[in-house]
Amino acid sequence: MTKRNGYFLFVALATAYFYSKDGDVTSSVYATGAAFALPLALAAMVGIMCERTGIVNIGIEGTMLLSAFVAFFVSSLTKNIMIGLICAIFTGAMMGLILAVMAVAWRMDQIIAGTIINILATGLTSFLYVQGRTIPSVFQAIEVPVLSKIPFFGPVLFIHGPLTFFGIFIILALYVAIYHTSWGLRSRAVGEHPSSADTAGVSVVRLRYINVTIAGAIGALAGSYLSLELVGSFERGFTAGKGFTALALMIFGRWNPLGALGAALFFGLAQAYSNQLMIDQVVNIPTQFTAILPYVMTIVVLTISAGKVRPPAAEGQPYEKGQA
Amino acid sequence: MSQIKAAPKEISRPPKSFDVGSWLVPIIAVLVAMTLAAILIKLQGSNPITAYKSLFKTAFGSAAGIGATLGKSTPLVLSGLAVAVGLRAGLFNIGAQGQLLSGALAAAWAGVSFHGLPGFIHIPIALIIGAFFGSIVAGISGYLKAYRGVHEVITTIMLNSIVMGVADYLASHPLREPDQFLTRTSEIQPSAKMPVYAHLPLGFFIAVALAAVIWWILGRTTSGFRIETVGRNRHAAWYAGISVKRTVISAMLASGAIAGLGGAVETLGITYRYAPAFNLGLGFDGITIALLGRVHPLGIIPGAILIGGMRAGAANMQFDSGVAPELVDLLMALILLLVTAPLITRFFKGNSNKAMTSGWGN
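Taken in sequence, the protein lines are chains F and W. Heads up, the first sequence is in my numbering, so the first residue is 342 and it goes up one at a time. Heads up, the second sequence is in my numbering, so the first residue is 74 and it goes up one at a time.
Hints listed in this document are in silico derivations from the structure and should not be mistaken for laboratory results. This structure is a prediction, so every number in the text was calculated from the model and none was measured.
If you only want the chain F side, here are some residues facing chain W, beta carbon under 7 Å, derived:
(1) I399
(2) I452
(3) I453
(4) I460
(5) S467
(6) A589
(7) Q629
(8) A632
(9) T639
(10) I640
(11) L643
Note that beta-carbon positions come from the ideal geometry of N, C-alpha and C, so glycine has one too.
Here chain F stands alone, though its shape is the one from the complex (with noise of 0.2 Å):
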């Protein structure tokens, strides 16, 4: 038995107990844990599709934060979140690009250009952020005819608002792209080996720009996820660290789509877990660790995971035509 398979029937027997112990708790912390997954995971793609292409984004935080923010005054303004996601997605392609520009024409220290991603997103939200506006809804949770009447997986995965259908079709469609498609095969050639794939007639440049775009607008998807499904609201700092929750969930599931998705429902349901904990008195920890728990989490998911998982070897660095 392999380890991987280790973990699943670990979670799975667990699971099982706590099932036969309370039912309705269990499907509905399960699916708690799902929705506080979702964000994670597609923040964790938007990692992965600059990763396996070269280009380090830690801007993944301040993509989101500023979707998230657009997303939500956008709507707010017009009534109309429609409206407002597609301004987000928008935003965040935006971001993508400047990424892009700056990590790909300018070459620039793509940790640095990261930052200034993140530092620009906060400032900017943090001066046009407005108190006390709200929005006409959030995007209401649809259940799935017929699956959603299965017991425990019903309530867990068929029960979601629209978003999060939607990130769950992009999560699978990303781990085929990458593994079964010709664009999947070339952007892992131009993030291994870029002048191999430059000799081979892929255009490197064009790749890295394509990949960091549409990555910004999965990040704005992660956004407007927790502004307009998950949360309703918007306020300072309200991404609070997610989307480097997210580059430890990708380094941890390898730079696979799948294995990130894997490293987000774990830490969402250990999250939605420890919430349940406080709720039922079970344990009487201080609110600020439960807080602290996922930060903790990351670090030490990073330590046991070092040194046994390998990047994509042409990380971080500019491409330049000519050089080895």
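We have chain F; now place chain W onto it with these hints.
This is chain W only, laid out in the frame that chain F set:
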């Protein structure tokens, strides 16, 4: 080696002397950023000229204003210095915020709980305790970077949130001011309060002196040479027999100690106690200041004074012109973008002085 490493990144020397170009770029960046922000202020329906006038008049227009500006600048000089020391070693310490917070809280604890000490002993002890705790927080990231290969950007950011949570807990339970509704520590003993000479805060001079010392260490000593070599090319440093791991850890410890000192100075000189609402953003400002000052220990001082001045004048500006004080955050972001992006640099100089960090893998 199992994997092929690409050629090391372009190695550029930081400026040894202040030539015209390295001065001009930050100044133009500041002016362009203010112009861009003025457009946004105009779009919000306020008058940018009134806003800027009020901002700078409050900050630099009177002796008291300059004193307040230097007080605001002190932690910024130190957090900028902390980020700069890290960058010189190729480490991007985004955790100056958390290190600064732990220094601020530790200094508040030392300031409150030591009784009967004269000021010239109490103040240094509290400062050292603050620096020590800042250094421990950064040391965790340094250790994980050196021995586990975990990227310092992630660990420092995570530690920012962790420190904030723990400090919040400590200030609201064990260290809370007795019989107080607000979450904050008691006020520090009078012996721990740093003196102010004719509006000029003592802390500012400590910060400037430390910047000069760091400048000397980096440029003139063996340990400085090790840090610079590791920062420019860690493979070459390793080949030359420098212990990269030890250098990474000691650079992080130094960086964290400086940031922690920044928090301690803020507590002992300005706030006189710790509360979760204090010290916000000081560490992040350090990133902008370090890059604005071209990662030069002395170059960060003017940037810190400029931003400290804007922070000092922001509240009055809101009163006079209705522009939100968060304008300063926006200005800093724009300045950072303009200073680091080679837009202006390319226009004035052939090459840019890039700060370099490292990827996940190494």
